[in-house]
Amino acid sequence: MLSIKNLHATVEGKEILRGLDLDIGAGEVHAIMGPNGSGKSTLGHVLTGRQGYEVTAGEVTFMGQDLLALAPEERALTGLFLAFQYPVEIPGVSNMEFLKTAVDGMRKHRGLEVLDSVSFMKQAREVCKRVDLDQNFLKRGVNEGFSGGEKKRNELMQMMLLEPHLGILDETDSGLDIDALQLVASGINSMRDSKRSFILITHYQRLLDFIEPDHVHVLGAGRIVRSGDKSLALELEDKGYGWLESEAV
Amino acid sequence: MSDFIAEALQMVPAEAPDWLSEQRRRGWSSWKSSSMPTRKTEDWKYTRLRALEEGAYLDRAECQDPSSPALTALRDQIHITGLDARMLVFVNGFYSPELSSGEVVGNMEVVLFSEADETQVETIRSHLGTVADRDKYMFTALNDSWLNDGVFVHVKQDRKVTTPLHVIWLTVPQREAFSLSQRLLVVMEAGSEATVVEHFASNEAQQNSFTNGVSELVLAANARLCHYRLHLEEEHALHIGGVHARLDRDARLNSFHLGLGSILKRLDVVVRHEGEGAHCDLNGIYLPRHSQHIDYHTCIEHVRPHCTTKEVFRGIISDNARAVFNGRIHIHPDAQKTVAELRNKNLLTSNKAEVDTKPELEIYADDVKCAHGATVAQLDDYALYYLCSRGIAREHAQVMLSTGFINELINNLQHPSLGEYLKPVLGGLFAQQVTQTERAE
Ligand SMILES: Nc1ncnc2c1ncn2[C@@H]1O[C@H](COP(=O)(O)OP(=O)(O)OP(=O)(O)O)[C@@H](O)[C@H]1O
Ligand SMILES: [Mg+2]
Chain A
4 MLSIKNLHAT VEGKEILRGL DLDIGAGEVH AIMGPNGSGK STLGHVLTGR
54 QGYEVTAGEV TFMGQDLLAL APEERALTGL FLAFQYPVEI PGVSNMEFLK
104 TAVDGMRKHR GLEVLDSVSF MKQAREVCKR VDLDQNFLKR GVNEGFSGGE
154 KKRNELMQMM LLEPHLGILD ETDSGLDIDA LQLVASGINS MRDSKRSFIL
204 ITHYQRLLDF IEPDHVHVLG AGRIVRSGDK SLALELEDKG YGWLESEAV
Chain B
20 MSDFIAEALQ MVPAEAPDWL SEQRRRGWSS WKSSSMPTRK TEDWKYTRLR
70 ALEEGAYLDR AECQDPSSPA LTALRDQIHI TGLDARMLVF VNGFYSPELS
120 SGEVVGNMEV VLFSEADETQ VETIRSHLGT VADRDKYMFT ALNDSWLNDG
170 VFVHVKQDRK VTTPLHVIWL TVPQREAFSL SQRLLVVMEA GSEATVVEHF
220 ASNEAQQNSF TNGVSELVLA ANARLCHYRL HLEEEHALHI GGVHARLDRD
270 ARLNSFHLGL GSILKRLDVV VRHEGEGAHC DLNGIYLPRH SQHIDYHTCI
320 EHVRPHCTTK EVFRGIISDN ARAVFNGRIH IHPDAQKTVA ELRNKNLLTS
370 NKAEVDTKPE LEIYADDVKC AHGATVAQLD DYALYYLCSR GIAREHAQVM
420 LSTGFINELI NNLQHPSLGE YLKPVLGGLF AQQVTQTERA E
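Residue numbers (our numbering), protein chains in the order written: chain A, 4 to 252; chain B, 20 to 460.
Honestly, the hints are just simulated from the structure, not real lab data.
Cβ atoms here follow ideal geometry from the backbone N, Cα and C, with glycine treated the same way.
Treat the hints with care, as some may be off.
[Unchecked claim] Derived CB-CB ranges, DEER-like:
# : chain 1 : residue 1 : chain 2 : residue 2 : range
1 : A       : D135      : B       : P88       : 49 to 59 Å
2 : B       : E73       : A       : D137      : 50 to 60 Å
3 : A       : R133      : B       : T91       : 47 to 57 Å
4 : B       : Q225      : A       : A60       : 54 to 64 Å
5 : A       : D107      : B       : Q397      : 25 to 35 Å
[As the list claims (entries may be wrong)] Keeping only pairs whose Cα atoms sit at most 30 Å apart, straight-line, the calculated DSSO-like set for lysine-lysine is:
#  : chain 1 : residue 1 : chain 2 : residue 2
6  : B       : K59       : B       : K442
7  : A       : K103      : A       : K142
8  : B       : K377      : B       : K59
9  : A       : K111      : A       : K132
10 : B       : K442      : A       : K111
11 : B       : K442      : A       : K125
12 : A       : K233      : A       : K8
13 : B       : K175      : B       : K59
14 : A       : K103      : B       : K364
15 : B       : K64       : B       : K179
16 : B       : K371      : B       : K442
17 : B       : K371      : B       : K356
18 : B       : K388      : B       : K377
19 : A       : K142      : B       : K364
20 : B       : K442      : B       : K377
21 : A       : K142      : B       : K442
22 : B       : K377      : B       : K64
23 : B       : K329      : A       : K142
24 : A       : K103      : B       : K442
25 : B       : K175      : B       : K329
26 : B       : K51       : B       : K64
[To be verified] Covered by chain B, per the in silico footprint, the following chain A stretches (three or more residues, Cβ under 8 Å):
#  : region
27 : 68-81
28 : 90-102
29 : 108-115
Bound-form chain A, shown alone (with noise of 0.2 Å):
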């Protein structure tokens, strides 16, 4: 599904990402973990093509398709999508229309015919009661005063109406209370098949208890610098980072 050869990336003249590699099934979950600053967002936004992110080097392939040649809405169109580490707040359009312009967009492009504002809004509402959000959260600006949890579940609700192939969810645990993290695991989990692949970048074992990964990689200094099963993020739980870098070096 994804397959990432040699990525090197430069955000401001400074490279971040170092030749990369990383190949993704379809239906597998991979989870990234890495210290502060390796590069694991920034993989993200170059997947997503955030402009600014310069790719300098390597090749990546999604759904057959050379991702980097794409724009960020195609690339979202063909399937790919990035729950943000910060999600951006913008007043002034509502969090309704922000998700039907979405989905009908997704929709006409995967042939399927656009939803009337009555059925969309009764989609949406059963996602907002997915991911526990109140109602009022779809006639609110998008994100506009949203909490750090309420912002983390409205990514996981767009993701939910988007069905991407691919959902790379960039901490969505983080700064989630227990009962949170639950339901966002849930939530992802209801959405594994056989088709759909995730990539959880994340900082704790304990989002891993909840959704079992089938590959864990280390990100170090902008490459993958240890794999492994999700033994690996037991160990990294236990020892911290020190233990790799001394070995990569």
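For this one, chain A is given, so just place chain B with the ligands on it according to the hints.
The following block gives chain B with the ligands in isolation, referenced to the frame of chain A:
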């Protein structure tokens, strides 16, 4: 170069009620002794009047056939669903009974100056020209000198009028470029309440009119007025106007302004707090595009203590357009305990768009709370990216962000029906811009 001062004097209307002649004479002499502003004139520093001088708006406005196709089209555009207002329609300055509609509003006197009875004339005379200062605002002097009619709105003591009055000034092109004047006087007696929507509309890009508009709002003690001044004008409709309000003790004015269109548009909005405890909410949006120029000069005079002002103006400036915003708050020595806040935010959607914004605080009292701020920014790249990352096309995302920027004001209008009316108009405007940029690329 043409001498607009002299030319304008040639256009003084022949017929007018006698009782207006003194006002006209004063206007005439004040205008005659004025000179056209130059770059050195502080109040006109960023707004040149070349378009007015070169446009040769020398013809007088003529009465139009209400059944003309242009007017039929406009008629459908101006109706605000859900406002349930009494509509008073003028075409090129002439009252049009055919296009006007709605019930006569109980508790509210609405009459043309030319049709006012003796008592009404008395009230008009005691207020007209007492709020708008012709010596300070030269185009008010011109308006005075051209004065031959106007709309008088009068709400008597403690009357609460729920039906809004919707006054619409339509302009359609004439063979030669022409001038027209608009005048409104609203007198709110003590404890009265009402809503007045001033609405200017034209539907032809080749609109060759110059409108000189002056509205005076008089709010006695405890009166409440909800006022809108909507300029939904096309490219070439030139407009220079002013809204001048005077608030007595505990009066409340809520005034909303929208500026759309015009190669040259200048509005002076002046509010005088002359009674203790008066409050004013002043909000506005200006959206110049193409080569348009829109200039809002607001001035709040805090003359008495314990008055409050909350002012928010936002602008989106596109293409080669230019906006000017000057927000003055003047706190007189006697105006202790004033609370005043002014915010101005501008969004430039093209690198050729320009804005000059200047908040001006002049404070002569020591115990006051004042805040002001002005910002100029581009569309937020990160927000655009966020929307695009959900599959929303960049052009559409731009429209959403622009709309969102002004929706914060539109969503808070006292009359939601007006918001519903304006949203598609403004949304359409931004969408139009996007298709134009696409074509240009
Ligand atoms: N716009 C930017 N300008 C300059 N440096 C940037 C920019 N964005 C990211 N960086 C730098 O790139 C590096 C990687 O950042 P990134 O956000 O990818 O880290 P991360 O692994 O997600 O960290 P965290 O765990 O704290 O979220 C950091 O050193 C960061 O300061
Ligand atoms: Mg990060």
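**Study point:** Numbers of unmet hints, in rising order
**Key:** 6, 13, 15 and 17
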